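There are 2 protein chains.
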Amino acid sequence: MIPIENSLACSVAEHLDLLLTHKLSIEREFKLRIVHNLIALPGTRMRGIREVYSHPVALDQCRDFFRKHSAIRAVPFYDTAGSVKHVIETNAGEAGGIASRLAARQYGGRILAAGIEDDKRNFTRFFLIRRTARPSPRANKTSIAFSVKNVPGALFKALSVFALRDISLSKIESRPRRGHPFEYVFFADFLRGDDEPARNALRHLGEVADLVKVLGIYPALR
Amino acid sequence: MIPIENSLACSVAEHLDLLLTHKLSIEREFKLRIVHNLIALPGTRMRGIREVYSHPVALDQCRDFFRKHSAIRAVPFYDTAGSVKHVIETNAGEAGGIASRLAARQYGGRILAAGIEDDKRNFTRFFLIRRTARPSPRANKTSIAFSVKNVPGALFKALSVFALRDISLSKIESRPRRGHPFEYVFFADFLRGDDEPARNALRHLGEVADLVKVLGIYPALR
Numbered sequence: 603m604i605p606i607e608n609s610l611a612c613s614v615a616e617h618l619d620l621l622l623t624h625k626l627s628i629e630r631e632f633k634l635r636i637v638h639n640l641i642a643l644p645g646t647r648m649r650g651i652r653e654v655y656s657h658p659v660a661l662d663q664c665r666d667f668f669r670k671h672s673a674i675r676a677v678p679f680y681d682t683a684g685s686v687k688h689v690i691e692t693n694a695g696e697a698g699g700i701a702s703r704l705a706a707r708q709y710g711g712r713i714l715a716a717g718i719e720d721d722k723r724n725f726t727r728f729f730l731i732r733r734t735a736r737p738s739p740r741a742n743k744t745s746i747a748f749s750v751k752n753v754p755g756a757l758f759k760a761l762s763v764f765a766l767r768d769i770s771l772s773k774i775e776s777r778p779r780r781g782h783p784f785e786y787v788f789f790a791d792f793l794r795g796d797d798e799p800a801r802n803a804l805r806h807l808g809e810v811a812d813l814v815k816v817l818g819i820y821p822a823l824r
Numbered sequence: 603m604i605p606i607e608n609s610l611a612c613s614v615a616e617h618l619d620l621l622l623t624h625k626l627s628i629e630r631e632f633k634l635r636i637v638h639n640l641i642a643l644p645g646t647r648m649r650g651i652r653e654v655y656s657h658p659v660a661l662d663q664c665r666d667f668f669r670k671h672s673a674i675r676a677v678p679f680y681d682t683a684g685s686v687k688h689v690i691e692t693n694a695g696e697a698g699g700i701a702s703r704l705a706a707r708q709y710g711g712r713i714l715a716a717g718i719e720d721d722k723r724n725f726t727r728f729f730l731i732r733r734t735a736r737p738s739p740r741a742n743k744t745s746i747a748f749s750v751k752n753v754p755g756a757l758f759k760a761l762s763v764f765a766l767r768d769i770s771l772s773k774i775e776s777r778p779r780r781g782h783p784f785e786y787v788f789f790a791d792f793l794r795g796d797d798e799p800a801r802n803a804l805r806h807l808g809e810v811a812d813l814v815k816v817l818g819i820y821p822a823l824r
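Residue numbers (our numbering), protein chains in the order written: chain A, 603 to 824; chain B, 603 to 824.
Here chain A stands alone, though its shape is the one from the complex (with noise of 0.2 Å):
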């Protein structure tokens, strides 16, 4: 399981690169609300707090939070999780880790304040990968990387064998190619599974493109 959007891990140009030059194939993709939650010992309550660990990301993105408790101080920790896990195990009294509901199930803490993110429309996109390809009969979304020659009008011709069939692309991306100056390579997703239309497009698409790889087939999620 990878991050591959809006990830608290900083990975996704990592992750997509790793699709691209690994024999990989996504199986299906998450997407998980991220709700960041003050966490502390058992008995800590919250006037008590003087320090609250986390990941630096995570720290970030509950702003207003710091700012309307400024005694305390914002500490960066390696993960979220293991934050609570570090306040917890230490028995620090006066210091709180900021996770996930889950962490604080898990490593025996209690929620102080929930939900304490800035914003709230804040989700991360996962992939599920495999080694082997395993298409689910109700995949109906599929995952893209091709490249081509930094002309005009190179990417127009590519995405014209998905126009022409009507297909949707939900999502593209640019990366310069690694090793290979000048050129790029585009990240795609779009809505068709493993069809005919599909099918056409993507032997078009080879066509008109230096490199097409498949990087999954899988279930949408709405």
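For the record, the hints were derived by calculation from the structure and aren't laboratory data.
Some hints here could point you the wrong way.
Note that identical chains are pooled: a pair holds if it fits in a single copy or bridges any two copies.
DSSO-like, lysine-lysine: derived pairs with alpha carbons at most 30 Å apart [what the hints assert, rightly or not]:
#1 K625 - K722
#2 K687 - K773
#3 K759 - K773
#4 K751 - K815
#5 K722 - K815
#6 K633 - K751
#7 K751 - K722
All of these numbers come straight from a predicted model, not from anything done at the bench.
Guided by the hints, dock chain B onto chain A, whose structure is given.
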């Protein structure tokens, strides 16, 4: 100055949204080669180092170093330069920070190992932004944002305005539009300044897109 791609601060998406929603203009782009150095108090020797502080992303980009020096513990810190400041100020003789050459100079640290990042092709792209546009006469690159409805071929139509005029796109990225479900914002760069073909393309784009915003017209870096 804001990091926009491949950033240490994980803030790409935030910064793109900022450019879209605020009255700001990109004046220049920069690319910085990211070089990570192990920096310590003058007099400290490599074998004396037990802990190394830095931003989690920087630590992660130096995995080979920590694999080779398994006695050294990687400790996450808020930012890279700050980790060096911390080591120097606290007189920590068994600790180091991972940061730039500039940070070493600024805080009087000594570089014990230079260029310890795993991947030497590590760049971050920055934008210099201003509240008011001050177009450069050497401008030959334009960053825009535009939105289209989630219907097949909408992006294809939008890109046709560039392809028909032989204008090269050097970047494109789709993002869900905040507060407008099933609509997308595309962030794109094309390789023209403020000339006749570019103005025609943008006027044409206005006919096929719901929203078009020029984020900046500036000199391209190679």
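Tell me the numbers of any earlier hints that the structure contravenes, in ascending order. 2
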